[in-house]
Amino acid sequence: MADRAIEADAVSRWFGRGDDRVEALSEVSFAVEAGTITAVLGENGAGKTTMTKILATLLLPSSGRASLFGHDVAHDSGACRRLASVVFGGERGLYAQLSGRDNLRFFGMLAGVSRRDTKARIPELLEQVGLSDAADRRVETYSKGMKQRLHIAIGFLPRPRILLLDEPTVGLDPLEADRLRDAIAVARDDGVTVLLTSHNLIDVERLADRVLLLDRGVIIEDLPLAEFVQRAGYAAAVTIRGVGDPPSLDSASSDGISPVADSIVTADGWELTLRVLEWGPGVFGKLAVMLAGTEVSDVQVREVRLEEAFAQAAGGTR
Amino acid sequence: MIADVLMTSARHQMAMVRAHPLFLMQGVLMPAVLLLVMFYTRSRPSGVDVTAVATAVLLMAYWGSTVWQGAVILVRERNAGTLGASMRGVRDPILVLTGRSLGASLAPALLTAATVSVMLVALGESIVVDAPGWFAVGLVAALASGTALGIVLSSLFLLTRYGAQLASALLYPVFLLAGLLIPPDFFPAAIRWLGWLISLRWAQEFLVSAAAGAPDFAALGLVGTLTAAYAVAGVIAFRRIDTLARERGSLELG
Numbered sequence: 003m004a005d006r007a008i009e010a011d012a013v014s015r016w017f018g019r020g021d022d023r024v025e026a027l028s029e030v031s032f033a034v035e036a037g038t039i040t041a042v043l044g045e046n047g048a049g050k051t052t053m054t055k056i057l058a059t060l061l062l063p064s065s066g067r068a069s070l071f072g073h074d075v076a077h078d079s080g081a082c083r084r085l086a087s088v089v090f091g092g093e094r095g096l097y098a099q100l101s102g103r104d105n106l107r108f109f110g111m112l113a114g115v116s117r118r119d120t121k122a123r124i125p126e127l128l129e130q131v132g133l134s135d136a137a138d139r140r141v142e143t144y145s146k147g148m149k150q151r152l153h154i155a156i157g158f159l160p161r162p163r164i165l166l167l168d169e170p171t172v173g174l175d176p177l178e179a180d181r182l183r184d185a186i187a188v189a190r191d192d193g194v195t196v197l198l199t200s201h202n203l204i205d206v207e208r209l210a211d212r213v214l215l216l217d218r219g220v221i222i223e224d225l226p227l228a229e230f231v232q233r234a235g236y237a238a239a240v241t242i243r244g245v246g247d248p249p250s251l252d253s254a255s256s257d258g259i260s261p262v263a264d265s266i267v268t269a270d271g272w273e274l275t276l277r278v279l280e281w282g283p284g285v286f287g288k289l290a291v292m293l294a295g296t297e298v299s300d301v302q303v304r305e306v307r308l309e310e311a312f313a314q315a316a317g318g319t320r
Numbered sequence: 002m003i004a005d006v007l008m009t010s011a012r013h014q015m016a017m018v019r020a021h022p023l024f025l026m027q028g029v030l031m032p033a034v035l036l037l038v039m040f041y042t043r044s045r046p047s048g049v050d051v052t053a054v055a056t057a058v059l060l061m062a063y064w065g066s067t068v069w070q071g072a073v074i075l076v077r078e079r080n081a082g083t084l085g086a087s088m089r090g091v092r093d094p095i096l097v098l099t100g101r102s103l104g105a106s107l108a109p110a111l112l113t114a115a116t117v118s119v120m121l122v123a124l125g126e127s128i129v130v131d132a133p134g135w136f137a138v139g140l141v142a143a144l145a146s147g148t149a150l151g152i153v154l155s156s157l158f159l160l161t162r163y164g165a166q167l168a169s170a171l172l173y174p175v176f177l178l179a180g181l182l183i184p185p186d187f188f189p190a191a192i193r194w195l196g197w198l199i200s201l202r203w204a205q206e207f208l209v210s211a212a213a214g215a216p217d218f219a220a221l222g223l224v225g226t227l228t229a230a231y232a233v234a235g236v237i238a239f240r241r242i243d244t245l246a247r248e249r250g251s252l253e254l255g
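Chains A and B, in that order, are what the protein sequence lines are.
Just so you know, we're using the working numbering here: the first sequence kicks off at 3 and counts up by one.
Just so you know, we're using the working numbering here: the second sequence kicks off at 2 and counts up by one.
Note that these hints are calculated values from the structure, not bench results.
There are no misleading hints in this set.
The calculated label-pair distances, taken between Cβ atoms and stated as ranges, are: (1) B:G225 <-> A:G72: 39 to 49 Å; (2) A:S116 <-> B:L171: 31 to 41 Å; (3) B:D131 <-> A:R161: 50 to 60 Å; (4) B:L167 <-> A:D184: 41 to 51 Å.
Please read these numbers as outputs of a predicted model, since none were measured by experiment.
Built from N, CA and C at the ideal position, the CB exists for glycine as well.
Throw the hints in and build the complete structure from the sequences for me.
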């Protein structure tokens, strides 16, 4: 059996008492294997941040047990803190009046990194996140993306075995976000276990090996990414554009192919999107039959997206 | 390792304090004005009295810094969103807070001492210290006491919504009750006892006695006892923060 980096066993967390009691997590159980990236998805208020805070030892579970490499987060928080770094996204969580280098120095001490190691690691990390030139500037002068990159450097500083990332690419431009994803992938290749919470589904698509879907404090899906994507209920989407009369919905439906909605009339003609249950050589033949008698100007095929699977799994609310 | 944590935390906080706009006001303006008031609104002191005035000014500016810098460490951490990181560090958060409280006290204390020295030279005065070793011990005791007060107040300010109001309310009553502005005997007996609970009062008595060459060890003992009591109260209050944050989830860490 693979080494389990993170385990949650019937973890519940509630806030308040009596009628005001709110259950943020309810009997949540899952396991994350070492050296993998697991994404936690869910709408706002689903319990993702509460789960991250429990694993980060910032919050105790009301019941149940959570552990990092076998160390209980409630009773052995010291060991857990040595194992895991947590990166919460956003502009807060830094000492704005101090320089990036000073921030790294202090957070390194908090994380238990020796002064010598901190000194040696800081230039390397600043280079890695592209902040070498701004290292001695006050953080209050940094852009949102630079602050986020500093957060990441702080998270990597103690060489954690587990990284808890909460919205790591928030505030980053596409190039920076890509660079960060590369850094996370490299960390995974080095054996670091990553639990990733992100609303940016590109992060999940590019990085995750497994997906946990939380809904109102309950895990409703726990699957490898590829299987999760199949939950969309179809394999690909075909967008067809044409001129003249659009095909009727009846004729646009076939075995394993169905329209998303009625065709849309555009300035140039019409547009129809079809979902293909299973992609195969026979699909083109079926499409030809369905579209017979119409004048097609363009056909685009794309694989199903994670966001479509997420929308489907979360009840189509997105 | 403990020394490393204390030193890094103290250095960090000293850098934070130096970057704060209140630093120059507390370390330069406030002691300079207080010194001028002390020298020119009463009969001009001489000899040991100059030392008494200088130490009173030093302790007043120091207390102001403790309230406005040390006591608000955790509140500022929460506002900046860094409290969670401090509370979940590998290093003991109490030790980190102790180092930071020390830094918050030390930076203004050094600047205040420099200001007082420059002002005395400018006024053509000099302090008389007959027992310099014990005088130094008194200064260290005052620094330790301010550090402990920083811990307890910092924790209390985080536990209440009224930290800023409490800080304002604590400033001048402590000056008065500690006998730094007027002798404690001026107060009615019914409230005079409150001054007994303020370590700065005993620190001032010890410093003045050491300057006169007859150290008052009872006063030094009271500084030590009160400092220990502050430290215990600080640890209890800090543990309470941990309980509220982690168990009850009723205190957001950032």
